[in-house]
Structure formats: C-alpha cells, structure tokens
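Enquirer: Spelled out, the chains give:
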Amino acid sequence: MSNISIFEIMGPVMIGPSSSHTAGAEKLGKAASSILDKSFDSVEFYLHGSFAKTYKGHGTDKALVAGILGMSADDERLRDSLQIAEQRGIKVDFIEADLGEVHPNTAKIVIKNKGVVLLTLVGSSIGGGNIIINEIDGSELEISGQYPVIIASYKDVKGMISKITGVIAKNEVNIATLKVSRSSRGEVATTVIETDNTATTAIVEQITQIENVISVRVLNSF
Amino acid sequence: MYNKADEILSQTKELNCRISDLVLQNECKIKESSEEEVRKQVRAILQVMRDAAHSGIETETMSVSGLIGGNAVKADNYRKTKKTVCGDVVNRAIARALSTSEVNASMGRIVAMPTAGASGIVPAAVITAAETINASDDDIIDALFTASGVGQLIKKNATISGAEGGCQAECGAGAAMAAAAIVELYGGTPEMAFDAAAIAIKSVLGLVCDPVAGLVEVPCSKRNATGVVNAMACADMALAGIKSAIPFDEVVDAMYKIGKALPAALRETSMGGLATTPTGEEVRCRLACHR
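From first to last, the protein sequence lines are chains A and B.
Each residue of the first sequence is one higher than the last, beginning at 1 in the numbering used here.
Each residue of the second sequence is one higher than the last, beginning at 223 in the numbering used here.
Some hints could be false.
Unchecked claim - Looking from chain B toward chain A, a few residues come up when the C-beta cut is under 10 Å (computed):
1) 249
2) 252
3) 262
4) 263
5) 327
6) 328
7) 331
8) 334
9) 335
10) 376
11) 399
12) 509
It is worth saying that the hints were derived from the structure and are not from the lab.
Yeah, the Cβ is synthetic: ideal placement off N, Cα and C, and Gly gets one too.
Given only the sequences and the hints, what does the whole structure look like? Please build it.
Expert: So, in structure tokens, the structure goes:
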C-alpha cells in the first residue's frame with residue numbers, strides 16, 4: 001500500500017458541489033490550458049458517460065471552462081465562468097458523446113484558434129478531485145499530475161530518448177518515470193517523462209532544438 | 223507509515239503518543255516539510271471549513287437547482303428560540319453541517335473531507351465539540367489530523383467514493399473520522415478513538431448512494447446532519463468506555479465488501495433508491511425541463 005497524504009482526505013479546497021464532477025473537471029480544463037500555453041478563441045468539450053448525463057446539475061460545464069480560463073478549483077468566479085469566457089471572446093460548446101471504453105467521467109477537450117485545432121486532450125476525473133490524462137493530440141498516455149510532466153513527440157529514429165533525457169540530466173532534473181509509445185515503427189513516437197522538479201523553459205527550448213523533435217509540451221502543475 | 227488501525231495502535235503505545243502525532247509525523251515525511259508548515263496549511267483549511275459551516279446559517283443559501291436551501295437557518299433559529307430534543311450542542315452541529323452542504327450545493331467554497339458530498343460532517347462535529355471545552359485552534363488542528371488518519375485507513379483499505387461503495391463510504395467515513403477526532407479532542411485514548419470510528423461506520427453499513435436527479439442535494443444534505451449526530455453519539459459511547467465488538471479494521475473490510483455487493487443502481491447512478499421514487503422522478507423531470 002502506498003503512503004497517502006492527509007490532503008487527499010482533507011481537501012481539495014474547492015467550489016462545490018462534487019469533487020469528481022466539479023473539482024476534477026476544473027483540473028482537466030486547467031491541464032489542457034496549461035499544456036497549450038497559447039491564446040485561443042474556441043473550445044469544444046465532448047462529455048462522456050456520467051459527465052454527459054449530469055454536467056449541468058454539477059456545474060461540470062462551468063468547472064471545465066473555469067479550468068480552461070486558468071482559474072483554480074477554489075476560485076469563486078467558477079460559477080460565472082461561462083459569462084467570463086463570453087466576455088473574453090472565447091466560444092465554448094458542450095457536446096454529449098460516446099468516447100468508447102473509458103471512465104464514466106471522461107471529457108475530450110478540443111481547443112482551437114481561428115478554426116485551427118491547437119490541442120486535443122482526453123482525460124478522466126477519477127474521484128476526490130483526482131484526474132488522469134489519457135490522450136494528448138492522439139497519443140495515448142497516462143498522466144496523473146502527481147509530478148511535473150514533459151511530453152516530447154518526435155520522429156521515431158534511433159537515439160532520441162537518450163538525447164532528450166540527456167538534456168534533462170544536464171539541467172540537473174531527476175526523472176521519476178518515463179514512458180515511450182509510438183503509432184508504428186518509423187512514424188511519430190511520444191515520450192512522457194515525469195520529473196521531480198519543474199521543467200524550465202531552458203529544458204523545453206533545448207529539447208525543441210534536437211533534430212527530429214516535432215513538439216514539446218510541459219505540464220508543471222494543475 | 224501505517225496501513226491498519228492495529229499498526230497505529232501499536233505505534234501510539236510504543237511511542238506513548240496520540241493518533242494525531244503519528245499522522246503529522248507521517249505527513250512531514252511525505253511532504254518533506256516541517257510540522258509548522260503542515261500546520262500552517264491545515265490552519266488555512268480550517269478557515270475555509272469555518273466559513274462554510276457558518277455562512278449558510280447567517281444567510282439563507284439556495285442550491286443552484288433550487289432543490290434545497292435555507293435549512294441551516296431554520297435549524298439555528300430553532301435551537302436559539304425553542305426547547306430542543308437533542309440539546310443545544312447537537313443542534314448547533316446540525317445547523318453547521320446543513321450550512322456546509324448548502325454552501326456546497328450553491329457552488330460555494332468548501333473543503334472536501336473526505337468528499338464534497340460528505341464535507342459537512344467533520345467540520346461541524348469538530349468545531350462544535352471544540353467549543354464546548356474551549357479547545358484552541360491548535361487542538362482543533364490536531365483533531366483534524368486524527369480525522370484524516372482515520373480517512374487514510376478507509377481510503378487505503380476500502381473506498382471513500384459513493385460511486386464505488388455507496389453513501390456508507392462517504393457519510394459513513396465522514397462520521398467515523400469525526401468521531402475519532404472528537405474522542406482525541408476530549409482526551410480519550412487511541413483505542414477509544416477507533417472504537418468510536420468503528421461504531422460510527424457499523425451504524426450506517428449498507429447505506430446506499432441514491433441522489434435525487436443526480437445532484438449532491440437530496441438526501442445528501444440531511445445525511446450530513448445525521449452524520450454529525452452519529453459521530454457525536456459514537457464519540458460519547460467510546461468515551462464512556464463502550465467498546466466496538468468488531469475491531470475498526472474488520473469493520474472497514476466489511477464496509478468495502480458490502481459496497482462491492484451493492485448493485486450499481488445504488489452507487490451514485492441515480493437509478494434506484496430515493497432517486498427513482500415517484501417524487502424523486504418528478505423532481506428529476508421538473509429540473510430537466512427547466513434546463
């Protein structure tokens with residue numbers, strides 16, 4: 001059995017009414033906007049299972065948008081997030097969808113700017129305000145948000161992992177876990193690296209400069 | 223680290239300390255923080271708890287759906303103006319539990335403990351019990367460590383999710399955590415604290431999660447109020463020297479097995495129980511039309 005913190009029992013401090021449908025939804029939205037770190041003008045939320053059935057009563061819609069706008073789970077503006085998004089010129093849509101064999105509280109978030117998709121994220125709220133990110137831009141992964149994460153996508157050629165981890169080591173950041181996946185041999189591979197310390201912009205820039213790297217995304221906290 | 227009440231009991235005996243001391247030490251280890259840093263965080267959490275336990279009493283607070291609200295004000299006016307059955311302490315605690323759950327349903331700020339749906343129990347029970355003996359904020363913070371320790375055991379060995387274990391896992395866990403916290407606050411032994419926690423869960427074993435219209439409102443809000451009474455009654459029994467015939471660890475195992483045996487219709491899906499009574503269905507339809 002793993003050691004758990006008292007703050008997993010006493011917390012989160014949050015806007016009600018539901019840790020899974022409100023606080024967890026806010027976290028999913030915030031994760032998406034922090035990974036993207038760019039401006040955008042529209043967001044589509046595809047809601048699956050219990051999210052689809054009960055999102056209005058639990059304020060799941062408001063929480064997702066609050067997260068997208070960068071609010072924290074205990075921000076009292078959360079209940080007015082739909083109006084705030086409108087004021088900022090961000091169009092939001094909620095679509096009930098069947099996302100397949102996934103957790104009952106799952107959402108797919110598609111962020112666009114001027115009609116161009118900037119980020120697609122699929123994540124689940126698994127209870128008590130905890131979430132898991134299952135997919136980013138089509139790559140399947142599993143991020144729990146316990147640690148800062150670096151997500152690097154690159155052309156599937158030899159030596160990429162050692163080059164990327166080399167940059168991380170050179171910047172004196174310790175790697176907690178590392179997971180590699182790829183669509184098929186020689187295509188695009190994605191490495192998800194959880195670290196003990198925050199990933200700096202220097203790390204991101206240096207990994208981006210490695211030949212064959214397509215994108216580097218970072219999620220330091222949410 | 224500890225995984226079972228048995229381990230906590232042998233460690234508190236060996237170190238001659240309280241449950242809260244062990245929980246705090248363990249937290250400092252996990253977070254690599256000092257005791258003062260952890261206390262500071264909990265002090266901030268306590269402030270949020272107090273605000274939520276009082277604002278629904280000071281101002282009538284309605285849920286977003288309009289289904290519940292205003293009961294905390296009623297409960298508090300009643301205990302101030304009438305001769306009550308349960309007495310002032312219990313009724314003050316009931317009003318506070320209703321307040322937190324009404325604030326939660328109105329999309330106000332609360333502390334999930336162990337969940338948002340059961341967030342009214344621990345604050346109301348601990349704050350009210352502390353008032354009676356003029357306990358300090360530091361004493362209350364210690365009590366919250368004890369409550370969290372009991373919650374950690376339930377989360378590790380069973381579940382605190384209504385979708386997984388029914389309401390016994392949410393309001394039952396909340397009552398058990400509160401009961402143990404009060405026992406320590408009142409100078410009871412660690413054994414007494416776990417007796418109180420065990421009796422509190424035993425009293426609601428099998429309690430289903432059947433929210434009307436899928437909202438954290440009916441019956442959740444009033445189950446928070448009765449959860450506080452459960453916690454206080456069990457704390458008093460344990461402090462009187464009454465033991466739980468079944469030890470805490472075994473009660474938690476039983477709770478988990480019962481939760482697993484509950485049909486999905488009675489685990490937060492709103493497909494059974496109160497949610498599908500004629501009135502429950504009527505409420506669901508009425509709210510759906512309003513959307």
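Enquirer: Going back to the hint list, which numbers does this structure go against?
Expert: Of the numbered hints given earlier, the structure breaks just one, which is hint 3.
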